[in-house]
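Chains as they are written, first to last, in numbering that gives the first Met the number 0: chain A, 0 to 92; chain B, 0 to 92; chain C, 0 to 412; chain D, 0 to 412.
Simulated from the structure, these hints should not be mistaken for laboratory data.
There's no promise every hint is true.
[To be verified] Simulated crosslink set (DSSO-like; lysine-lysine; CA at most 30 angstroms straight-line): (1) A:Lys17 <-> A:Lys66; (2) B:Lys17 <-> B:Lys66; (3) A:Lys17 <-> D:Lys334; (4) B:Lys66 <-> C:Lys37.
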Amino acid sequence: MSRLSVLSPLGTAAGGIKPLARRRGSLRGLRIGILDNSKPNAEVLLGRVAELLVERAGAGPIALWRKPGASHPATVIDEVVASSDVVLTGSAD
Amino acid sequence: MSRLSVLSPLGTAAGGIKPLARRRGSLRGLRIGILDNSKPNAEVLLGRVAELLVERAGAGPIALWRKPGASHPATVIDEVVASSDVVLTGSAD
Amino acid sequence: MLGTDAFAGLAEAAAASLGMPHLQLAAVAHPIGGIDPKLVRAKAETVVDRVLEALTRDPSPPLAASVATVCAVAAPGDLDAFQDFAVAEGWSDGLPVLPPTEERVGRILGRLAGDRTEVIATLVPRQGVATLEAIAVNAALAGALPEHLPVVVAAIRALADPRFNLNAIQTTTHPCTPLLIVNGPIAARLGINAGANALGQGHRANAVIGRAVRLTLQNVGGARPGREDRATLGHPGKYSYCVAEHEAASPWAPLHVERGFRAAESCVTVCGAEAPHNVNDHGSTTAEALLFAIAGTAATTGSNNIYLGGEPLVVLGPEHAQTFATGGWSKADVKRAIWERARVRLDRFSPENRERFAVIDPARFGDRLLADEVALCASPDDLMVIVAGGPGKHSAIIPTFGATRSVTVRIEE
Amino acid sequence: MLGTDAFAGLAEAAAASLGMPHLQLAAVAHPIGGIDPKLVRAKAETVVDRVLEALTRDPSPPLAASVATVCAVAAPGDLDAFQDFAVAEGWSDGLPVLPPTEERVGRILGRLAGDRTEVIATLVPRQGVATLEAIAVNAALAGALPEHLPVVVAAIRALADPRFNLNAIQTTTHPCTPLLIVNGPIAARLGINAGANALGQGHRANAVIGRAVRLTLQNVGGARPGREDRATLGHPGKYSYCVAEHEAASPWAPLHVERGFRAAESCVTVCGAEAPHNVNDHGSTTAEALLFAIAGTAATTGSNNIYLGGEPLVVLGPEHAQTFATGGWSKADVKRAIWERARVRLDRFSPENRERFAVIDPARFGDRLLADEVALCASPDDLMVIVAGGPGKHSAIIPTFGATRSVTVRIEE
Chain A
0 MSRLSVLSPL
10 GTAAGGIKPL
20 ARRRGSLRGL
30 RIGILDNSKP
40 NAEVLLGRVA
50 ELLVERAGAG
60 PIALWRKPGA
70 SHPATVIDEV
80 VASSDVVLTG
90 SAD
Chain B
0 MSRLSVLSPL
10 GTAAGGIKPL
20 ARRRGSLRGL
30 RIGILDNSKP
40 NAEVLLGRVA
50 ELLVERAGAG
60 PIALWRKPGA
70 SHPATVIDEV
80 VASSDVVLTG
90 SAD
Chain C
0 MLGTDAFAGL
10 AEAAAASLGM
20 PHLQLAAVAH
30 PIGGIDPKLV
40 RAKAETVVDR
50 VLEALTRDPS
60 PPLAASVATV
70 CAVAAPGDLD
80 AFQDFAVAEG
90 WSDGLPVLPP
100 TEERVGRILG
110 RLAGDRTEVI
120 ATLVPRQGVA
130 TLEAIAVNAA
140 LAGALPEHLP
150 VVVAAIRALA
160 DPRFNLNAIQ
170 TTTHPCTPLL
180 IVNGPIAARL
190 GINAGANALG
200 QGHRANAVIG
210 RAVRLTLQNV
220 GGARPGREDR
230 ATLGHPGKYS
240 YCVAEHEAAS
250 PWAPLHVERG
260 FRAAESCVTV
270 CGAEAPHNVN
280 DHGSTTAEAL
290 LFAIAGTAAT
300 TGSNNIYLGG
310 EPLVVLGPEH
320 AQTFATGGWS
330 KADVKRAIWE
340 RARVRLDRFS
350 PENRERFAVI
360 DPARFGDRLL
370 ADEVALCASP
380 DDLMVIVAGG
390 PGKHSAIIPT
400 FGATRSVTVR
410 IEE
Chain D
0 MLGTDAFAGL
10 AEAAAASLGM
20 PHLQLAAVAH
30 PIGGIDPKLV
40 RAKAETVVDR
50 VLEALTRDPS
60 PPLAASVATV
70 CAVAAPGDLD
80 AFQDFAVAEG
90 WSDGLPVLPP
100 TEERVGRILG
110 RLAGDRTEVI
120 ATLVPRQGVA
130 TLEAIAVNAA
140 LAGALPEHLP
150 VVVAAIRALA
160 DPRFNLNAIQ
170 TTTHPCTPLL
180 IVNGPIAARL
190 GINAGANALG
200 QGHRANAVIG
210 RAVRLTLQNV
220 GGARPGREDR
230 ATLGHPGKYS
240 YCVAEHEAAS
250 PWAPLHVERG
260 FRAAESCVTV
270 CGAEAPHNVN
280 DHGSTTAEAL
290 LFAIAGTAAT
300 TGSNNIYLGG
310 EPLVVLGPEH
320 AQTFATGGWS
330 KADVKRAIWE
340 RARVRLDRFS
350 PENRERFAVI
360 DPARFGDRLL
370 ADEVALCASP
380 DDLMVIVAGG
390 PGKHSAIIPT
400 FGATRSVTVR
410 IEE
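Chain A on its own, in the form it takes in the complex (with noise of 0.2 angstroms):
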């Protein structure tokens, strides 16, 4: 069969990898933070998660920060970063 040449419609996807912050080989006594998406629900989730952790891992305390709306930005995310040791969040429903 016959071949054409065809250019690609992706284009090119910017930007490279980040690191990740090192993981600590356990949770005790860090500070949880969570950041609500304001979703239905994901409160109670991303809270019993928390707690969850708390309870077996001896982590806490825990903090609550909660996003204006689910389809905007965080707003909060400096505070929240500088608050907490890890932080547990949500993404879509």
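Using the hints, position chains B, C and D against chain A.
Same frame as chain A, but now just chains B, C and D:
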């Protein structure tokens, strides 16, 4: 430029030409039927035209039928035809 | 025949399709409706002489009607030039079409090639003869594959059923077009999307089947946009509008089984449909609660259903459907509850519209108090309910043209 | 990062686009919303070990991200085989595409060919780099002509404005897509339909411009239906959604002039829009009367606007617009009157939704009586009003995604 033979997507249209009723030279004394398509103000326009035909050409009497709704076929065609010499009707808005 | 200048083309096409291209039209300046009756009476003065002449003088006999057949036409071989040609001929919807060569049309017809002259339907307003071959030519333009043809043919058969009222759908100012709902095993076999983005783009079967039907209606049926197709605004489903019911995600019997077909039969249902109106409900967790958003989206004063009845369609997303099922509701329960809740108080209609529909439909609009409510259609059984879509908390209300009934036919393979 | 299995692909794409493909996702079974909170708490148990591991063990370093460039690819030369190829590669929307050969793309770029690497925008969620060339490749696929490219490029520029909130529009479960509204002299010059069937098919400029934007969003932006594009149902405007304002038929200043551009400038406005909801009103003959049907179509409990605000769009058919103008109403009068009338009583929302939005938007939903009403958006100025369409007594309400603002930019030629 190279030519390509393709098939027309239009297909065939059914039906031939039907004869229309012979016109008489004058409307004097002829029964005018109005078939209102039930669009807003259709009856106003058709009725006024019929009145003017009575005034100016001595036509009359006038009788009125109405379609059950603009989007439905008329069910009274036979009755209209039997009771009228000429018929005024409307199409669309 | 009287009309307005804006609609003269449609009136002439209608007369021609009835074999009377020589029937004379007396046209007044558009519009007749929506203006003071005094102005309408004045317009009568402008046209009475023309009416008098048309009624007293025989028109010239028309030329023999030019009859188009499925004939071969010479077109440009270059693909870009072919697009220009298809647009100029009025064959296209504006998007790229693929050349309907004899070879491609033959491939789409496949084992039906021997029956290519079989008449499937005669399509109004043009009285166009939709043979298998004429349908296949439009399918070829649309980008359809051989396996899509049976669905397209079944849809054309359904559209010609008198209950569908195709002439009105083809020529109305209302924004409607046939929505195809596919049920049965053929949907999965052809990859007709019933899941995420089911009413959107991204799946070839949905895209090309819906478009093949639309191009057949435009080309064979003669509903050319802005000419015989009088849509004031239209809607983008007129490019293509085809969905499969998500039978696996539905708690209930699918649409075709409701209508007496076996689950293992494949069927297509056509509805003269508006675009979807979204129902966003992320908050409600019970059947009772979910009714608020669905009923409050369906009960409007702008859709044709509330005025003319017909069969509004409710497309429940699988998660909303599950909320009803978890509450133990049958599909009939859902229909009745929506019908009881989706109502509009009479004082929400303009006085002119109340007066007009009190004459047209006295049972629903006549002799009633302003605080009385009108339901969105005549009975709960007139509501159609299907399940489609992917994850998420959205459903859709799809109003219909009103003066039309949906038609379900079996897909012959 | 926590999520549900149904949305895992989107979460992973979002992390990758932020340069963190190695960020770990802990997924529970879909859904989280719309179910009893007790069930949600139980789901937390299923995922806590995974969270613990993700937070205490360093992930493997990722491979270098594979970077796609506008590179040449070998594709089948046969037109039908090319369609199969485009579908398999995920380049298509399901309808026929035209091969984006170097020669066709070069022709579309025209005198911009020298600037082909110019970056017009970076498109989320993929962080795809929309160079002039990448946009032109998608325009070539869509069937666009060289003269359409400036409109497509301007629309892409507008979509990348932060006020538009493209990431949400690209990935939401809501059925929305950019509607392009073209103003100024370019509309007539390119034949962009503003008249009969303006939101439907039949005009190449509307069809291919809207589609070129959609394919750019899908291919460069990485919003693949059912993957990153999470629309539950979507709507058919996702094939193509482009209209010109009918400036000649409007009694008022056109949209771009309202926004500070000169009438002689050509502009495109993008809105994150639902499909049109029809407003049928054949009966009303005064501005006051016409409000009933328009307000009663706009005020629903299912659209995002009533919950989240934003800018609902009213598309007035020319005859309805004339009814307002005959009554002496300005466009601002129309906006205020619709805003005052298009309201929903609080008792029409489910208790869960009332409770939810009393927290999210206390000013509109909190601490109020059940008989109080909520307006369809925050202020009359947020309503958008344009005139489009042909003869007929129809208008349309087009709700938007809510958490988005329309953006108007000048078309550079």
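Hints, one by one, checked against the model:
{"no.": "1", "hint": "A:Lys17 <-> A:Lys66", "result": "24 angstroms, holds"}
{"no.": "2", "hint": "B:Lys17 <-> B:Lys66", "result": "24 angstroms, holds"}
{"no.": "3", "hint": "A:Lys17 <-> D:Lys334", "result": "48 angstroms, violated"}
{"no.": "4", "hint": "B:Lys66 <-> C:Lys37", "result": "23 angstroms, holds"}
In this structure, the one hint that does not hold is number 3.
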